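Protein sequences, first through last, are from chains A and B. Numbered according to my numbering, the first sequence spans residues 26 to 290. Numbered according to my numbering, the second sequence spans residues 7 to 386.
Hints should not be assumed to be uniformly reliable.
Claimed, not checked - Derived CB-CB ranges, DEER-like:
| # | chain 1 | residue 1 | chain 2 | residue 2 | range |
| --- | --- | --- | --- | --- | --- |
| 1 | B | 157 | A | 109 | 36 to 44 Å |
| 2 | A | 157 | B | 62 | 54 to 62 Å |
| 3 | A | 227 | B | 23 | 17 to 25 Å |
| 4 | A | 231 | B | 41 | 51 to 59 Å |
| 5 | A | 267 | B | 31 | 55 to 63 Å |
| 6 | B | 23 | A | 35 | 56 to 64 Å |
| 7 | A | 260 | B | 15 | 32 to 40 Å |
| 8 | A | 223 | B | 192 | 55 to 63 Å |
| 9 | B | 62 | A | 168 | 40 to 48 Å |
| 10 | A | 67 | B | 15 | 18 to 26 Å |
Claimed, not checked - In the EDC-like style, the derived pairs of lysine to aspartate or glutamate whose C-alpha atoms are separated by at most 16 Å in a straight line are:
| # | chain 1 | residue 1 | chain 2 | residue 2 |
| --- | --- | --- | --- | --- |
| 11 | B | 99 | B | 183 |
| 12 | B | 99 | B | 52 |
| 13 | B | 10 | A | 86 |
| 14 | B | 99 | B | 79 |
| 15 | B | 8 | A | 261 |
In short, the hints are calculated from the structure, not lab data. If you're wondering where the values come from, they're calculated on a predicted model, not measured in any experiment. The beta-carbon is built from N, C-alpha and C at its ideal position, and this holds for glycine as well.
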Amino acid sequence: MPEQDAGFLEKLGAGTLRRLAAVLYALGYFFEILREIPGFFLRRRSGLRVLTMQMLFTGFEALPVIAVIALGLGGIIVIQGLSLLPQFGQGQFIYTILVIVITRELGPILAAFIVFARSGTAITTEIGNMVINREIEAFIATGINPISYLVVPRFLGVTLSMMLLNVYFNVFGLLGSFFIAQLFQPLPFSQYAAGLFEAISGADIASTMLKSMMFGALIATVSTFYGFRVERSTTEIPQNAIRSISVGFTLLIVANGILTLVYYL
Amino acid sequence: MKFKIRFARQIVGLFIILGFGLLLMIVIMIGSNQRWFARNYEYFSEFQTASGLSQGMGITFRGFQIGTVTSIELTQHNVVAVRFNIFDTYIDKVTQNSVMQLVSNPLGLGGGLVLHQGRRGTDPPPEGTLIPSINSGLGRSLVDQDLVALPEEGDQIAELLSLLDPILRNVDAVTQEAEQLLAEVNAVLAGSSQGPAAETVAAVNAVLIELEIAVADIGKIAANIETTTAEMRDPTGLVPRLLGAEGSIARILNDDEELYREIETILASVQASLRDVEEMTEYLVSTTPRFPVSSKKVARPLIPVKRSSPEFETTRLSAGAFRNKLSNRPLFKVSATRSFNAYLFCACRCAVAHSGHFWCVFVFSGPTRGCLHGTQPGCP
Chain A
26 MPEQDAGFLE KLGAGTLRRL AAVLYALGYF FEILREIPGF FLRRRSGLRV LTMQMLFTGF
86 EALPVIAVIA LGLGGIIVIQ GLSLLPQFGQ GQFIYTILVI VITRELGPIL AAFIVFARSG
146 TAITTEIGNM VINREIEAFI ATGINPISYL VVPRFLGVTL SMMLLNVYFN VFGLLGSFFI
206 AQLFQPLPFS QYAAGLFEAI SGADIASTML KSMMFGALIA TVSTFYGFRV ERSTTEIPQN
266 AIRSISVGFT LLIVANGILT LVYYL
Chain B
7 MKFKIRFARQ IVGLFIILGF GLLLMIVIMI GSNQRWFARN YEYFSEFQTA SGLSQGMGIT
67 FRGFQIGTVT SIELTQHNVV AVRFNIFDTY IDKVTQNSVM QLVSNPLGLG GGLVLHQGRR
127 GTDPPPEGTL IPSINSGLGR SLVDQDLVAL PEEGDQIAEL LSLLDPILRN VDAVTQEAEQ
187 LLAEVNAVLA GSSQGPAAET VAAVNAVLIE LEIAVADIGK IAANIETTTA EMRDPTGLVP
247 RLLGAEGSIA RILNDDEELY REIETILASV QASLRDVEEM TEYLVSTTPR FPVSSKKVAR
307 PLIPVKRSSP EFETTRLSAG AFRNKLSNRP LFKVSATRSF NAYLFCACRC AVAHSGHFWC
367 VFVFSGPTRG CLHGTQPGCP
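Chain A on its own, in the form it takes in the complex (with noise of 0.2 Å):
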């Protein structure tokens, strides 16, 4: 039993600190990521077009996704809203509730679920396609250092394109609010939109971009890490893909469960 006891130990020891190391080079990784962006700035040009590429990708070819989304939410809130708020005298607090779930909770964490369903993935398994095919040797090689050069400019591009992709989803969710609320009951937008900006304040909107903005930095570290965790074979590659996927999603539904606490703190 002794013995038992002491391998399980070890067993637990080892394990904790493997993964304590693991998250460890995770930090170090995200911070070597934003000690490098500054130099991204000052060598202007240098990943550009990285960055509009990735810009494009994330952000521009997800818009028709979010809106269908965001207009279906909106939709949907202010169908049941409309239906069940009435009864009780309180139709007024439809606008506290498009604001509380499309701007405040689900509009960053949808966001973010598609961004990284769609480029997160990619990122993966384009930089984990690039170790195999030794690029990123190659760059070290010739002196640019892959995080500079790749990293930082999907890093921007994807927190960026989250930022203004939530700003979308915030305008097209409460915009077709309005267009269904048409249907329910007719109101001049001006009486709308006086309701709903009484019902939104500035922490809703700063707590909606910081969240965005927290989101976007946290898909482009996963998949640019699990990226280039792949090592030899292009097998790898759709493991570390579903692997960054799990983990993505993990960090992302604990991260908003943090900075929603820290909202009502």
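Put chain B on the given structure of chain A with help from the hints.
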């Protein structure tokens, strides 16, 4: 080159500009709606308690919100200091000698921090100065000097009563309707009204009466069944006596055919009586020629009766069958012929002795009924 790749920078630039433009527009709209960029004038007031006060609550003047409470704090002198701001659009409403009043409603309706305008002076007091509470010494002094324009206070109890009055009227109307409804229901149940419900109640009453009679009959039947059951249970009762080994039925069944023989004897005597009737009938038929004619005359009016009466027809057929049976009996025929010949012999002998012709006088135990004309081979 693909369009999106070729114009990637333009597309991304448009995407960024539009996104941030929308964000800026939203922020501006929120700000303008929530007076982020408007000028507010800050003042403060002092109250004895913070009860009923809250940060962010509105300050009203004649029902319009003219400002908001920004902070509430307890000072070192145990006085509640309330800081508030007045919107720039309503700053002219705040004049010298203005006072603040915390209005609370026990029902939770209305209430809030109300500004009462000063009577004298048109300029607003300097920003950051005290606007006294109406319950403070300074506030009471201003009111006593009639420097505050207080609105005419209505009688709160009268207002409450005026609110309650329509409610009570509604309750009264509902009560009256309920009474009418109950009266109608009573009338229907009593059967004194008209309509489908009253008819149904009347029908139900009639059915109940019939049901009572049926129940009474069933009670009688049940009593009889009970009596019968008691008799059956009683070992010395009627049923065991009837059905027992010494009972009447058993005696009938075990009398060595004594009853059967008695019945046979009775039937034999009946048969003998019938023979006599047959003989008499034959005799009457043969000695009474006018009888068929008469019978036809009599029968003619009876035809409708016969047709209309199946029983009569059945009886007639039975009589016919009986007659045929009688006529088909050879012994009966011989006996009848002999009797008839004996009568004729006597009669012919009388007639020959009287006139020498074949005139026979039919004499049958009574007065003369008629004569037969012709030869009579039976006569000597």
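Cross-check of the supplied hints:
In this structure the supplied range 36 to 44 Å holds for residue 157 of chain B paired with residue 109 of chain A, their Cβ-Cβ distance being about 40 Å. The hint said 54 to 62 Å for the Cβ distance between residue 157 of chain A and residue 62 of chain B, and at roughly 60 Å that hint holds. Taking the beta carbon of each, residue 227 of chain A and residue 23 of chain B are about 23 Å apart, inside 17 to 25 Å as hinted. Distance hint check for residue 231 of chain A and residue 41 of chain B: the Cβ-Cβ separation is about 18 Å, which falls outside the suggested range of 51 to 59 Å.
Between residue 267 of chain A and residue 31 of chain B the beta carbons are some 40 Å apart, a value that contradicts the proposed interval 55 to 63 Å. Taking the beta carbon of each, residue 23 of chain B and residue 35 of chain A are about 59 Å apart, inside 56 to 64 Å as hinted. A hinted range of 32 to 40 Å holds for the C-beta pair residue 260 of chain A and residue 15 of chain B, which are about 37 Å apart. For the pair residue 223 of chain A and residue 192 of chain B, the supplied restraint of 55 to 63 Å holds, since their beta-carbon distance comes to about 58 Å.
Residue 62 of chain B and residue 168 of chain A have their C-beta atoms about 59 Å apart, which leaves the hinted 40 to 48 Å range violated. Under the hint 18 to 26 Å, the C-beta atoms of residue 67 of chain A and residue 15 of chain B, about 21 Å apart, fit the expected range. For the given pair, residue 99 of chain B sits about 53 Å from residue 183 of chain B by alpha-carbon distance, which is inconsistent with the 16 Å threshold. Between residue 99 of chain B and residue 52 of chain B the CA atoms are separated by roughly 20 Å; this puts the pair beyond 16 Å, and the hint is violated.
Between the alpha carbons of residue 10 of chain B and residue 86 of chain A the distance comes to roughly 10 Å, so the proposed pair stays at or under 16 Å and holds. Simply put, residue 99 of chain B and residue 79 of chain B have alpha-carbon atoms about 26 Å apart, too far for the 16 Å limit, and the pair is violated. About 31 Å separates the Cα atoms of residue 8 of chain B and residue 261 of chain A, which puts this hinted pair outside 16 Å; it is violated.
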